[in-house]
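Asks: Residue numbers (the numbering used here), protein chains in the order written: chain A, 256 to 445; chain B, -3 to 125.
It cannot be assumed that every hint is accurate.
Stated by the list, open to error - Listed next, the in silico SDA-like pairs over lysine to any residue satisfying Cα-Cα at most 20 angstroms (straight line):
1. A:Lys359 to B:Arg87
2. A:Lys369 to B:Ala60
3. A:Lys348 to A:Asn310
Worth flagging that the hints you see were computed from the coordinates, not collected in a lab.
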Amino acid sequence: MSSFLAISDPQAARRLFLGRSGLLLSGAAVALLAGRDALAAKSGGAHAADVRILNTALGAELEAIAAYQLGAESGLLQKPVLGLALQFQGHHKEHAELLSKTVKQLGGKAVSAKANYNFPAHTLKTQADVLRFAAGLEQGAVSAYLGAVPLFGNRDLSKAAASILGDEAMHWAILRNALGEDPVPVAFVS
Amino acid sequence: MVPAALVLALAFAAGAAVAAPGDAVRGEQIYARCLACHALAYDRVGPRHCGLIGRRAGSVPGFAYSDAMKASGIVWNAKTLDRFLADPLRRVPGTTMTYAGVPDARERADLIAYLAWAGKSAPECKAAQ
């Protein structure tokens, strides 16, 4: 097996690394879905509480997808930032798909995307404005998942939420870096 | 950005029941944790925060609240916010604000001070009035 550390071409190394990262995230997703037997053994009340948490997260993910769409269509993002935004949007789509499936497996009704979102589009006039808006959403998402992790009745769901939290934190750091800010300003997120 | 001169007066005005006045400048930083779901001037996954102080829980027109929140009977002020934010799911079982809360009393006071300041003075809220 080749290691991305041994590849001299940085682009090729990045592709391999990202590919492997995708495999790791997919592993977490599989772990979440594979937990349904254990989930089925839980009481209905525990299911209902977990479904509420998942649906709140799903609502935020669907909004994030729409926010990145707004940014992508704004005409304000230049390459390579535009590519990053679309990549991050793709992650949110994967999160949303997984959350939606899990809600349904738990017997719940997954929330749908809203027909319209009230984004402050009139305040987005430059690429930096879009990046700052996205960074705020990602920072909030980190906090939201951090606040949800200890609430799940099922620890597989906590693990999956923590996996998503890590992805959101990477988005936040990259966006801060793109804005010229310290990408990792603190040792702990809150 | 929160003008520091307004902080103490508004914190006292909104937070008579809180042990110590909050710092809205610090509270603005804590408010970043809320930004996955909330905004000051418009509804998102959670309802808007402009006009929060003095508002009955579950009463923003057009926002799809949980039945639990609508039936909570809460009117938001410094005391009720402090109790809710400490442990939202214990205070309102069934709320869709599925967040573990802000366990630190100092941070809650700062956050509430910011919400009080923002509701009166943030440009977004002034524009929405």
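Asks: Hint by hint, where does the structure go against what was stated? Just the numbers, ascending.
Replies: 1
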